[in-house]
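> Here's the letter readout for the chains.
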Amino acid sequence: MDRMPHWADVVLVPVLNVLIAFVLSGLVIWAIGENPFDAMQIMVSGSLGSTYGWGYTLYYATNFMFTGLGFAVASHAGLFNIGGEGQATLGGLGVALMCLFIPWPNWWLAVIGASLGAAVLGAAWAAIPAWLQAKRGSHIVITTIMFNFIAAALLNYLLVNVLRPVGSMDPATANFPKPTTLPELNQILGAIGIPFAKHTPANVSLFIAIAACVLVWALIWHTRLGYQIRALGKSEPAALYAGIRPVRITMYAMLISGALGGMMAVNSTMGESGRLIMNASEGAGFIGIAVALMGRDHPFGIFLAALLFGFLYQGGGELALWANIPRELVTVIQALVILFTGALDNVVRLPLEAAFMRARKRRG
Amino acid sequence: MGTDSAAGATGTAPPAIELKGISKAFGPVQANKDISIQVRRGTIHGIIGENGAGKSTLMSILYGFYKADAGEIHVGGRKTEIPDSQAAIKAGIGMVFQHFKLVQNFSVLENVILGVEDGALLRPSLSKARKELVHLAKEYELNVDPDETIENLSIGHQQRVEILKALYRQADILILDEPTGVLTPAEADHLFRILANLKREGKTIILITHKLREIMEITDTVSVMRRGEMTATVKTANTNPTELAELMVGRKVLLRVDKTPARPGRTIVEIENLKVTDRFGVERLKGVSLQIRAGEILGIAGVAGNGQSELLEVLGGIRDASGRVEVNGKALALTGRDADAQSRREAGIAHVSEDRQHTGLIMDFAAWENVAFGYHNDPAYQKNALIMDNAAILADAEGKIERFDVRPPDAKLAAKNFSGGNQQKIVLAREIERNPDLLLVGQPTRGVDIGAIEFIHQQIVALRDAGKAILLVSVELDEIFALSDRIAVMFDGKIMGERLPNETDERELGMLMAGMTGKPDGEAA
Chain A
1 MDRMPHWADV VLVPVLNVLI AFVLSGLVIW AIGENPFDAM QIMVSGSLGS TYGWGYTLYY
61 ATNFMFTGLG FAVASHAGLF NIGGEGQATL GGLGVALMCL FIPWPNWWLA VIGASLGAAV
121 LGAAWAAIPA WLQAKRGSHI VITTIMFNFI AAALLNYLLV NVLRPVGSMD PATANFPKPT
181 TLPELNQILG AIGIPFAKHT PANVSLFIAI AACVLVWALI WHTRLGYQIR ALGKSEPAAL
241 YAGIRPVRIT MYAMLISGAL GGMMAVNSTM GESGRLIMNA SEGAGFIGIA VALMGRDHPF
301 GIFLAALLFG FLYQGGGELA LWANIPRELV TVIQALVILF TGALDNVVRL PLEAAFMRAR
361 KRRG
Chain B
365 MGTDSAAGAT GTAPPAIELK GISKAFGPVQ ANKDISIQVR RGTIHGIIGE NGAGKSTLMS
425 ILYGFYKADA GEIHVGGRKT EIPDSQAAIK AGIGMVFQHF KLVQNFSVLE NVILGVEDGA
485 LLRPSLSKAR KELVHLAKEY ELNVDPDETI ENLSIGHQQR VEILKALYRQ ADILILDEPT
545 GVLTPAEADH LFRILANLKR EGKTIILITH KLREIMEITD TVSVMRRGEM TATVKTANTN
605 PTELAELMVG RKVLLRVDKT PARPGRTIVE IENLKVTDRF GVERLKGVSL QIRAGEILGI
665 AGVAGNGQSE LLEVLGGIRD ASGRVEVNGK ALALTGRDAD AQSRREAGIA HVSEDRQHTG
725 LIMDFAAWEN VAFGYHNDPA YQKNALIMDN AAILADAEGK IERFDVRPPD AKLAAKNFSG
785 GNQQKIVLAR EIERNPDLLL VGQPTRGVDI GAIEFIHQQI VALRDAGKAI LLVSVELDEI
845 FALSDRIAVM FDGKIMGERL PNETDERELG MLMAGMTGKP DGEAA
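For the record, the sequence lines run as chains A and B.
So in the working numbering, spot 298 of the first sequence is number 298, and the numbers just go up one at a time.
Take any residue in the second sequence, count from 1 to its spot, add 364: that is its number in the working numbering.
Hints are computed from structural coordinates only; laboratory data are not their basis.
All values reported here derive from a predicted model rather than from experimental measurement.
Take these hints with a grain of salt, some might be off.
Claimed, not checked - Have a look at the derived ranges for each label pair, beta carbon to beta carbon:
| hint | chain 1 | residue 1 | chain 2 | residue 2 | range |
| --- | --- | --- | --- | --- | --- |
| 1 | A | Arg-358 | B | Asp-482 | 55 to 63 Å |
| 2 | B | Gly-815 | A | Val-11 | 35 to 43 Å |
| 3 | B | Lys-780 | A | Val-141 | 39 to 47 Å |
| 4 | A | Gly-190 | B | Lys-780 | 47 to 55 Å |
| 5 | A | Trp-30 | B | Arg-442 | 52 to 60 Å |
| 6 | B | Lys-780 | A | Leu-215 | 25 to 33 Å |
All residues carry an ideal CB built from backbone N, CA and C; glycine is no exception.
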């Protein structure tokens with residue numbers, strides 16, 4: 001017997017979680033002597049009040065969709081891939097190599113090549129912890145965290161010693177050639193007559209991310225691989241009983257997970273900065289975990305949760321800019337949302353389940 | 365068995381335990397509905413019922429794990445509140461759980477005093493307990509070495525420690541929850557002797573079980589539960605197993621499987637010198653050789669943990685082994701890539717695993733998804749190279765649910781929401797309808813209610829009659845006797861012997877199950 005209706009499980013619980021997080025954030029803001037309602041207004045108007053704000057919100061959301069999907073695919077296989085950050089970093093390297101060393105004639109061929117580069121390197125970075133987990137039993141949480149650090153150090157080395165243009169003081173690659181510049185959202189929407197602000201970082205990658213949501217949904221629930229991934233994630237002994245090979249499925253799930261995490265770089269590195277810089281992923285790999293948790297590993301949930309976190313990122317940035325609220329406090333607000341939607345999910349879920357059980361009993 | 369010798373003397377005394385109108389609901393499920401019973405002092409009172417009938421809930425209320433929604437508990441004639449297990453112990457109630465609650469690396473003595481130490485220093489409590497244990501051992505045949513570590517004790521001895529724990533806490537009323545599930549027949553007999561001794565000393569015993577035989581053998585009074593209600597309380601002497609089964613299920617049931625004698629055909633399975641070593645280096649199968657012919661059921665009897673599971677796992681492609689296994693004249697790979705469960709299914713082997721909850725089914729998957737489990741590569745389930753044909757699987761599942769009378773008939777319900785018997789029917793439908801040459805069946809009716817047992821047994825016999833080979837592993841001797849055409853007994857990874865069901869009895873099998881090969885008949889004569 002399910003404890004509560006499906007809609008309560010997938011809608012009510014996350015909404016209440018977010019509300020609690022917002023109320024607590026409001027109290028924190030109030031405690032440092034600012035007006036929480038003014039702060040909320042700044043956040044909303046800064047992120048959703050104009051197409052310019054939307055341009056940033058959607059840009060961040062695109063990042064989180066990729067990393068959230070990446071986490072979710074591994075999660076369906078019962079693997080806690082905490083290495084989205086490192087996989088995204090390697091994805092950035094893949095994008096940079098593709099854009100810098102291949103003379104692409106136009107953006108859409110370039111974006112295919114760059115996506116491939118990002119996916120391959122992201123997958124490769126996930127492959128090592130995956131293999132260690134599948135074959136040697138090294139816990140994937142530990143190895144993927146360590147691989148985040150290795151990825152950061154590797155990129156550091158490459159940017160400072162190998163990829164930095166001669167004479168530049170900046171640890172970054174040269175700007176990517178013009179033909180690889182991705183169309184901004186205003187160009188795309190403008191073409192179909194929807195006015196949108198210029199010079200925002202949101203770009204065509206948003207549509208790639210949405211397509212990825214659909215593809216992941218089909219993969220998980222409509223393919224044999226997805227079936228095997230889910231079965232393995234629920235029970236490894238059962239998978240063995242059914243003749244599902246844990247090593248193989250673990251590898252596949254992590255390769256796809258890493259590839260999705262890596263593809264985030266198409267949005268950030270190719271779409272926004274136009275060159276590879278240090279720390280290009282800006283923690284999106286970790287936010288992806290919260291996004292997937294809140295979205296309950298379902299691509300549509302991830303889509304919505306990514307939008308929420310996009311709003312928090314952009315709104316939080318505005319808050320730091322326009323209110324007397326330090327940057328760190330914005331991080332606190334984001335952390336509260338992550339805490340309540342991810343780690344403290346049961347704080348809301350359990351009482352709510354009990355309430356539904358009681359209500360059902362009263363009805364008979 | 366002197367039914368009322370002790371009880372008769374206390375006919376006027378208040379009952380040891382009286383429950384009045386106990387009700388308990390978990391959400392929409394009414395686990396106990398207005399239950400009233402009297403348990404007389406110095407008797408053994410059986411409580412019998414199918415899984416989910418509410419027996420365990422009732423006892424958990426009595427032991428303070430759950431709080432009843434309504435009703436009263438009277439102990440020794442006095443109304444008693446039992447909010448937690450401490451209160452239950454204070455009221456003189458002791459409980460022996462199905463799954464023992466012992467610290468594995470503590471000694472018997474340490475386990476006995478755990479939670480009832482007097483003061484901060486252990487030594488006085490330990491010496492007091494030691495004296496008490498010697499006394500109890502003499503009085504009730506409860507012999508256990510007080511200094512032995514729990515993990516070195518057999519299951520039967522561990523159970524005695526649980527009983528000792530309760531007695532040490534001055535329990536007057538002892539509740540035993542399915543106590544014989546894990547015991548050999550000899551151990552069970554010993555347990556019954558202990559219980560009889562306890563009864564003679566005036567203790568009151570409540571025995572929860574689903575085994576009709578035990579009820580008939582040892583209890584004075586029996587209460588039957590069905591769907592949360594107490595349907596009857598009768599003197600054991602005035603009833604019989606058929607009547608009790610009917611009261612439990614609510615309709616007539618066949619306790620014996622209707623089957624014609626087997627007509628075995630050619631040999632389907634040839635197992636030779638099969639050996640398995642687990643990852644700790646322990647040899648689990650020590651050279652097993654068996655043959656199974658078409659149209660026969662080979663039953664493997666044995667106490668759980670003597671290699672039966674490993675045998676099923678090797679044949680099912682879950683575990684590597686050495687030796688030789690031929691099915692239909694073709695040798696099976698016992699190691700490497702081709703030793704997996706997919707290859708086994710291709711070789712015509714279907715497998716109803718011992719543990720449907722952890723291996724046979726994915727509990728979070730819907731019933732229809734589980735119907736494809738293990739057969740997810742079947743071309744009939746694919747739309748094209750990439751996409752699975754979920755609609756086809758669903759249609760197939762609905763057919764299987766109808767043919768195997770799975771209730772509720774809802775293919776979209778998650779497996780975990782079906783009862784044990786209906787979960788097992790889903791597994792059986794999936795495996796039997798593949799029309800395998802060899803069916804492996806482990807514990808087909810574990811945690812399955814009587815009504816479904818009948819159906820499941822019929823399905824297995826029907827497959828046999830269709831000329832298939834069946835390997836049955838069960839820890840229930842009754843089931844082995846009811847289904848098998850030939851019985852092999854396993855002990856410590858070896859086959860101790862093969863018998864024909866009509867030429868042996870439980871006593872002989874029990875000896876073999878305990879590793880004694882000497883002909884008991886010869887000794888007796």
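> Taking the hints in turn, state whether each one holds.
Structure-based check of all given hints:
no.: 1; hint: A/Arg-358 <-> B/Asp-482: 55 to 63 Å; in the structure: violated (44 Å)
no.: 2; hint: B/Gly-815 <-> A/Val-11: 35 to 43 Å; in the structure: holds (40 Å)
no.: 3; hint: B/Lys-780 <-> A/Val-141: 39 to 47 Å; in the structure: violated (27 Å)
no.: 4; hint: A/Gly-190 <-> B/Lys-780: 47 to 55 Å; in the structure: holds (52 Å)
no.: 5; hint: A/Trp-30 <-> B/Arg-442: 52 to 60 Å; in the structure: holds (57 Å)
no.: 6; hint: B/Lys-780 <-> A/Leu-215: 25 to 33 Å; in the structure: holds (29 Å)
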